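Enquirer: Protein chains in written order, with the numbering used here: chain Y, 9 to 1030; chain S, 167 to 572.
Just so you know, these hints were derived from the structure itself, not from any lab.
Don't take each hint at face value.
To be verified - To spell it out: a stretch of chain Y is covered by chain S in this simulated footprint if at least three of its residues, at any positions, have a beta carbon under 8 Å from a beta carbon of chain S; those stretches are: (1) 304-318; (2) 942-949.
Claimed, not checked - DEER-style ranges, computed between Cβ atoms: (3) Glu91(Y) / Arg213(S): 28 to 36 Å; (4) Asp510(Y) / Arg213(S): 42 to 50 Å; (5) Asn437(S) / Asn520(Y): 28 to 36 Å.
As the structure is a prediction and not an experimental result, all values here were calculated from the model.
Just so you know, even glycine gets a beta-carbon here, dropped at the ideal spot from N, CA and C.
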Amino acid sequence: MEEKRYWSSLEQRSGNPEALTNLSQEFPGGDPFDQAVQSEVLRTSRRDFLKVLGFGIGSAATLAACTQTPVKYALPYVNKPVEVMPSIADYYASTYYDGTDYNSILVKCREGRPIKIEGNPSSRVTPQGTSAAAQASVLSMYDNNRLRKPRAGKARKDWAEVIGQIRQKLGELSARGGQIRVVTPTVISPSTRKLIGEFAEKFPGTRWVEYDPVSYSGILDAHQKAFGQRVIPQYHFDKADVVVSFGADFLGTWLSHTEFTSDWVTKRKFRDDPSQLSRLIVFESHLSLTGANADTRIPIKPSMEGALVLKLHDEIAAATGGPMLGGGGMEAPGNYVAAAAQELLAKRGRSIVVSGSNDPDVQLAVASINRMLGNYGPTLDLQRPCYLRRGSDEAVSELVREVESGQLDAIIFINTNPVYSLPNGKGFGEALKKIDLKVAHVVSENETSELCDYALATNHYLESWGDAEPYLGSYSVQQPTIRPLFDTMQFQDCLLRYMGQDGTDYYTYLRNFWKGKLGDGSFEETWKNFLHEGVYERGVGTGDQPAFKGDALGGVGSALASRYTGNKGQTEVVLYLNSIGTGDASDNPWLQELPDPITKVTWDNYILVPLKMAQEMGFKTNDRAKVEAGRYSVELPVLVQPGQQAETIGIALGYGRTKCGKAGQDVGANAYPLMLIDENGPHLFNKAKITKIEGRYGLAISQTHGTIMGRNIIRETTVSEYKPYVTKYQEEREAMLHHLVSLYPPFRSPGHHWAMVIDLNACTGCGACVVACNAENNVSVVGREEVRRGREMHWIRIDRYYSDTTPENPTDANEDPAEYPEVVFQPMLCQHCDDAPCENVCPVLATVHSSEGLNQQAYNRCFGTRYCANNCPYKVRRFNWLDYTNTDKFIYNPVDDLGRMVLNPDVTVRARGVMEKCSFCQQRIQAAKLEAKKAGKPLADGAIQPACAQACAAGAIYFGDINNADSVVASLYPKHSPFEYDPPRKGYDRAYFVIEEIKTRPSIAYLVKVRNRPPVAAAVKA
Amino acid sequence: MKSLALRWMFPAILLLLAFVAPPRASAQGDGEVLFNANCASCHNLDRKLTGPALRGVVDRWDGELGELTAFIKNSQAYMKAGRPKSAYATALYNEYNKTLMPAQALNDDQIGAILTYLKDAPPPAAAAPAAAPGDGVGASIPDATIYSSFALLVGILLLACVFIIFAIAVIAHAIRAREQGIPLNFDGFRSSIRAFLTNRFVATVVVLLLVVGGANAAYDFVWSVGLHQGYTPVQPIAYSHKLHAGELQIDCKYCHVGVEKGKSATFPSVNICMNCHNLVEEGPKYGKAEIAKIREAYESGKPIEWVRIHNLPDFVYFNHAQHVKVAGLECQECHGPVEEMEDMYQHSRLSMGWCINCHRQKEVDLNKSEYYQATYAQLHADMESGKLDKVTVEKLGGLECARCHY
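Just need the whole structure built from these sequences, with the hints factored in.
Expert: Put into structure tokens, the structure is as follows:
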């Protein structure tokens, strides 16, 4: 077996001695104190002077008066609601849907404040975990930038006045036959759909346009044409043995990615026999999360996608006797399409072909492929269609035409921002001036609402009533978890008032809507049950899938062949999404600081440039470049990205907001205008020209610091080599362990011993755990400048390693293997070592070991020598270099009373000069132990879930008591060591500890990653 | 604060000695006090509450005091006994929703006093105005003040001793002079005092004493920073734990509902107060004035701003349920004799040392629940086999940082 080389950055891979020296330093950028003193953060201003003055006086006064007690008040309820008990959290079921991702959720409320989002295990759609964006959404409720009152013109007005004016205008307009447009994102709430329908009836001349910034019109239209239903089928990735994706990032951002992650990993987890693992083959241009998790990834140009789909179609048609489309001459480098066809044919009815394209013809071909493979029914279900996207490109372009030609009299935007996200948003914004009445219902002002006469403050979703139908027959409820913080009103309530139904509020409307629809029993009972569970499943027929209309394929072949030529030699730009999403969440500091899963860049978007292009054009990371596409251009920093297709560049959407809160304002540049628009709709790619421009930039990359020194911290193998690999590893481990000696006294835990197991096969690297940890543990956001200095505070990070093993068959022997990197994600957090190197260097015993195996950090004891961080081989300790939580220099943190409402009251907010790190969610451990003690019952396995494990949609993180032989972690833990104090354990072959050879005795075991790759020869032959 | 207490301490002690305070409600006396303490939670003179209005009750019982007394002592037995007024009593019982009047542990004299009060009580309009709030508040002296006063007393006594010894020496010198017939001359005395004062050893000792004493004082001061033992803030309502927990014997958990459930014992919400004060409008001390504040809060919906007495720093996590529900501690073990506190104060030091001490000493009964048996199987076996004679909280990790700091 060839020895693999792992690297986290190109500098490291280069082996350049200078770069390596720099990387291995604790402070790569030089002395942090010098920098801190020179940095803007510490530059003395008048405010600071006053602060110091105040501190002097204050401390004198404090000393003089320190025997006096500061008076603190306690205000109990006047009439305490029965279910609320101070200091005990309540959970309310609700729904998160931001127009891109759906999560059925439980909202944790403390003393009436929502502080954390968890997945709802009762849900059939997303029973496990949440997305990073859902985790972060709670912070946006306490955003200072929110609109606090309705705005009319430039003035803040009262609701009655504003509603009265709009109602009157709407009445007048509709009386004279005026044209009204309601623009929303996809609405998955059935009651709201009905309500908007009624609104349109009340005001004839109203048309409702659903607008998805990243359009799924292509796949919807294709299914309309092929099956007579304008829907997206439900994908069952848990039933597919082979998945072939053409640019659909279904693990990261595509459609219902939280659900898909949970589903997909069920076929990637195994106990002893890896032969049943599913295969994932990805054809894509930029390295996406899905591509990073693929067993086989083939970089292609977006202008090849249609032709390759065509090729796959005809390969399969030839084998199954299906309709040939003809015209397919193109093949991917390495004949991978033909190989994929063979694999798919071997798994008929147990495979999925999926494409992220917005071209209806591509989607038609994909639908036809799936039909020929017999996948409709077993893995793609049209009986239970997905309603998460409904937008129609035709309707949107019609709307744009109407606005630009000045035909409209009124337009109502609801939680949508087309001025920002339309390719020609600027022109659209200009044209809005021609409309008499422009109303925007928004949570905070955005580029669109800014241009409207009325900006009406709507509730945050955690303050709102609502319902959702993500799939036919699957319902979930949205209930408010707090009274509106500001003078805001749900847009549904506004619509009811526009219609003159002042007496009915939306809550009543919602209840009326659901009467008789929630199954047997009295309504009150079923409604309460709906609220309690958060979800309701209506049985949906399992009949035949609708018939495929053969004539829908007419002309598809020639259309694809002519449109997708590969444009040899022409650079193409690919636009993609990352965890920030389509732009609505750009103002969320937790999401901004969450590193991009692949590039590990925070707080910016940038141009992904492939290695070869970088070499040819002389680009280095942090150079600046200009990208021109169509009539538009952006200037952004460059990031040289392994795995990027050689003739493409990539730019993330969702950045470059110009009317936004502090966190998202002017971060990066808006890439929506680079989209290609043709007669088949908008596409997330375009022909482009890239030129170098003057200047350098400093991207805040979280994974450049630190080297791995050639240590074996990642262990991976393939399905066919699995058995010999683990056998060999276990033998080596045995030999290694016998060489270890220790100076420490043996450690034993008399009661519990907490331990974690992380399955590298299940972790997709999405980063939801990082945001969940932020929320649970009050982790500070430090901002771009501090991340650049390597001072991010995340307690858990996801290390992304590239490795070099040449994939099966690079087309050209001269090509750099770094253009085909394999990717491994490794969540890294405090390992809670039983022989912890950090513990014995602390001069004040601020970090010591607990009898339950925890590496404890006492903030009130720590005085900041940072010896522990220096001595930690895992580099997971985080130091509060600056006062992140009290100065207004760090605006992203909850520094005001509003923001502080999001803090978890069970976790200390750390001060400057203090070290911190993962505590295994000690507060949850203590709480669960207390519950067990109160009940007088042994602690059940699984009763404790750290925030990261609970948020993980893949279920990649297991937590429990290793001293409990029946626990899941005990069954997944490595074999005991020969030391007498290690209790005997049979051990799981696949489990390993990271750098066990330095005898830190960690409490976190990782499970070897197993790729499902056919032997090289087989692939080439195919 | 301290000097004020000191200034008034001696007069206060004298006063205390002078009036070895007779209890206000004597066994035979004051019917009104007895009525308020025993009856007022269910009865009013002129209004129906849980039970009937009691003005004219003797007339309703046809002046049969013996029967009425028997009924008060045990109403249930009386109804069953078939005595002259049993039928009337049963009718009353039915009229008041079959709410049984609990048996009252009062003697005949006390009942007599109450009945006399009921007969003679002034009509509502002429009722005495309620006592002004604030009367007699803050009579208790916190422990800390007592200790420092004690130290001062000792100091004064020591000084007095020194003075007396000096005086005795002078007198002895004079006597010796007279006996020996030499003229009284203090020169030698003076020079010996001078020698004493200029003696290096003495100076060293004095300086050392001062330094040690000063250091000790500084040490004590530093360790007292942030600790507020004895803290007795003035509360918005003159609520008496002595009355509610002491005299009326209301269980602590009746009001502090969270104490067995979670971290906070919780301040009672106004609706809990109103469970009783819906009916009880007058207190024994302040009449209606203080209770009216509760009603006002209830009616206006404006919460009462209680002042927190027990404050822990933000970096400390303390959970009541762990200590009360799981460990089974009595509230008084940390909060002191609450049932005797007219004004609630911080009884314990609430320092980390204080917590740790207790965790070192308190034993945990591993047989208490399956949790301990299952989790600490080895310790449990060691206890059974006699290898261990006790398991303290410390043994289970109760001294570890992250049990309270996270």
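Enquirer: Now, for every hint given, state plainly whether the structure supports it.
Expert: Against the structure, the hints come out as follows:
Using a Cβ-Cβ cut-off of 8 Å, 0 residues of the region 304-318 of chain Y lie near chain S, which falls short of the minimum of three, so the contact claim is violated. With 6 residues having a Cβ less than 8 Å from any Cβ of chain S, the region 942-949 of chain Y passes the three-residue criterion, so the hint holds. Range check, glutamate 91(Y) to arginine 213(S): Cβ separation about 35 Å, and the 28 to 36 Å hint holds. The hint said 42 to 50 Å for the Cβ distance between aspartate 510(Y) and arginine 213(S), and at roughly 44 Å that hint holds.
For asparagine 437(S) and asparagine 520(Y), the Cβ-Cβ distance of about 32 Å falls inside the hinted range of 28 to 36 Å, so the restraint holds.
Going through the hint list in order, the structure does not satisfy hint 1, though it satisfies all others.
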